[in-house]
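Protein chains: 2
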Amino acid sequence: MPMITAFETSPDRGAGLARDMRIRWALEETGQPYDVRLVTFEEMKEPAHLKLQPFGQIPTSEDDDLSMFESGAIVFHIAERHGELFPTDKATRAKAISWMFAALNTVEPPIVERAYVRYIEAGKSWQAERLAMVDERIRTRLDQLAATLGKSEWLQAFSAADILMVHVLRRLEGSGIIDEYPVVSDYITRASERPAYKRAFEAQRDVSRKAPSA
Amino acid sequence: MPMITAFETSPDRGAGLARDMRIRWALEETGQPYDVRLVTFEEMKEPAHLKLQPFGQIPTSEDDDLSMFESGAIVFHIAERHGELFPTDKATRAKAISWMFAALNTVEPPIVERAYVRYIEAGKSWQAERLAMVDERIRTRLDQLAATLGKSEWLQAFSAADILMVHVLRRLEGSGIIDEYPVVSDYITRASERPAYKRAFEAQRDVSRKAPSA
Numbered sequence: 001m002p003m004i005t006a007f008e009t010s011p012d013r014g015a016g017l018a019r020d021m022r023i024r025w026a027l028e029e030t031g032q033p034y035d036v037r038l039v040t041f042e043e044m045k046e047p048a049h050l051k052l053q054p055f056g057q058i059p060t061s062e063d064d065d066l067s068m069f070e071s072g073a074i075v076f077h078i079a080e081r082h083g084e085l086f087p088t089d090k091a092t093r094a095k096a097i098s099w100m101f102a103a104l105n106t107v108e109p110p111i112v113e114r115a116y117v118r119y120i121e122a123g124k125s126w127q128a129e130r131l132a133m134v135d136e137r138i139r140t141r142l143d144q145l146a147a148t149l150g151k152s153e154w155l156q157a158f159s160a161a162d163i164l165m166v167h168v169l170r171r172l173e174g175s176g177i178i179d180e181y182p183v184v185s186d187y188i189t190r191a192s193e194r195p196a197y198k199r200a201f202e203a204q205r206d207v208s209r210k211a212p213s214a
Numbered sequence: 001m002p003m004i005t006a007f008e009t010s011p012d013r014g015a016g017l018a019r020d021m022r023i024r025w026a027l028e029e030t031g032q033p034y035d036v037r038l039v040t041f042e043e044m045k046e047p048a049h050l051k052l053q054p055f056g057q058i059p060t061s062e063d064d065d066l067s068m069f070e071s072g073a074i075v076f077h078i079a080e081r082h083g084e085l086f087p088t089d090k091a092t093r094a095k096a097i098s099w100m101f102a103a104l105n106t107v108e109p110p111i112v113e114r115a116y117v118r119y120i121e122a123g124k125s126w127q128a129e130r131l132a133m134v135d136e137r138i139r140t141r142l143d144q145l146a147a148t149l150g151k152s153e154w155l156q157a158f159s160a161a162d163i164l165m166v167h168v169l170r171r172l173e174g175s176g177i178i179d180e181y182p183v184v185s186d187y188i189t190r191a192s193e194r195p196a197y198k199r200a201f202e203a204q205r206d207v208s209r210k211a212p213s214a
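So the sequence lines, in the order shown, correspond to chains W and P.
So the first sequence is numbered by the UniProt record's numbering: it starts at 1 and just counts up by one.
So the second sequence is numbered by the UniProt record's numbering: it starts at 1 and just counts up by one.
Just so you know, the hints here were simulated from the structure itself, not pulled from any lab data.
Where hints are given, some of them may not hold.
[Said to hold, decoys possible] Under the rule of at most 25 Å between Cα atoms (straight-line distance), these lysine-lysine pairs were calculated in the DSS-like manner:
id, chain 1, residue 1, chain 2, residue 2
1, W, 45, W, 210
2, W, 51, P, 90
3, P, 90, W, 90
Taking the hints into account, I'd like the entire structure generated from these sequences.
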């Protein structure tokens with residue numbers, strides 16, 4: 001049974017944004033039970049954790065003799081091992097892998113940058129102007145994503161790529177930007193209604209409910 | 001034979017930073033010949049290209065019935081198809097995949113952000129302060145990467161993960177930051193001396209030599 005790591009005290013207080021959510025969701029979609037080891041921010045910087053995750057982050061996954069890090073890699077591994085999350089057709093699988101990397105390397109960076117502007121640059125004279133600049137970068141990606149999704153339910157048939165893309169997009173909830181894109185907003189809603197998503201979300205939220213105060 | 005796309009006029013004037021370099025290098029390491037189709041910035045926004053690359057970027061790869069986008073995905077596909085770029089042992093392969101995602105999702109974002117500060121935020125009153133902030137984010141990642149690399153030649157045995165990581169890091173050349181990390185600087189030099197790297201680099205540079213002026 002895989003053992004994953006997650007925040008003992010998640011910065012989002014259980015809103016489902018921490019990246020172990022991606023792993024939990026993928027495991028739930030494939031019906032795999034898993035164990036969770038919670039780590040504090042101090043523990044994440046200690047040698048024992050750095051041996052599993054050289055950048056001091058969560059999540060990690062340990063399973064038999066396999067030790068992995070990076071949510072994208074772990075979701076990929078789950079999809080590769082259990083059939084449900086990858087298309088069987090070679091050409092469609094190649095496109096799903098393209099979408100996985102697009103979610104993490106093309107769509108996610110400006111969305112994460114937005115959090116830097118909001119939290120790390122709070123109080124700076126330039127914050128409002130920078131936020132507008134980053135939001136334009138995000139809108140460029142959402143324009144393109146909405147054009148591709150069109151009337152489709154998922155990027156292709158539901159796959160590991162949708163897990164990563166939806167989770168990346170969820171960080172925009174509450175920003176107002178996502179409301180400009182009903183196609184994208186509906187896509188997130190559709191994903192959040194999946195039973196596997198709900199189970200993963202509730203499991204992550206339960207950790208925050210029991211967590212010591214930050 | 002795979003057909004990849006690349007910039008007709010690369011913003012870096014052939015310095016090897018455009019992302020088709022990653023594909024060229026991986027193909028050279030595995031001894032695969034390939035064709036290149038050059039695209040202008042106008043063509044990248046047109047429906048024919050957006051069908052291959054929904055975000056209007058390069059590179060793409062078309063090979064028999066497979067059409068892929070995102071350099072990470074294409075390098076992964078090359079590694080999966082041709083043995084040389086992936087460890088054969090399952091545990092080591094899982095770690096190589098972790099490192100591929102780490103290069104693109106953990107190390108690359110602050111390095112790309114640095115380019116936004118330098119070029120898009122040029123002339124802004126905050127540019128120097130923001131550059132210092134982004135450089136600290138980069139240093140955190142280089143500290144961790146240098147600690148992991150230590151005296152090793154590569155992340156593991158040379159693999160697709162090194163191709164992505166080295167190419168991501170090369171964007172820091174000339175910043176001065178990389179000189180603070182001899183372990184990382186030596187790693188880049190070691191990679192750049194590989195014959196496959198040199199062939200890929202020269203092929204990309206030749207495109208810029210023949211390109212119409214920007």
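Do the hints match the structure? See the list:
As the CA atoms of residue 45 of chain W and residue 210 of chain W are separated by approximately 23 Å, the hinted pair is consistent with the 25 Å bound. With a C-alpha separation of about 18 Å, the suggested pairing of residue 51 of chain W with residue 90 of chain P holds against the 25 Å cut-off. With a C-alpha separation of about 21 Å, the suggested pair residue 90 of chain P and residue 90 of chain W falls inside the 25 Å cut-off, and the hint holds.
Hint compliance for this structure: no hint is broken.
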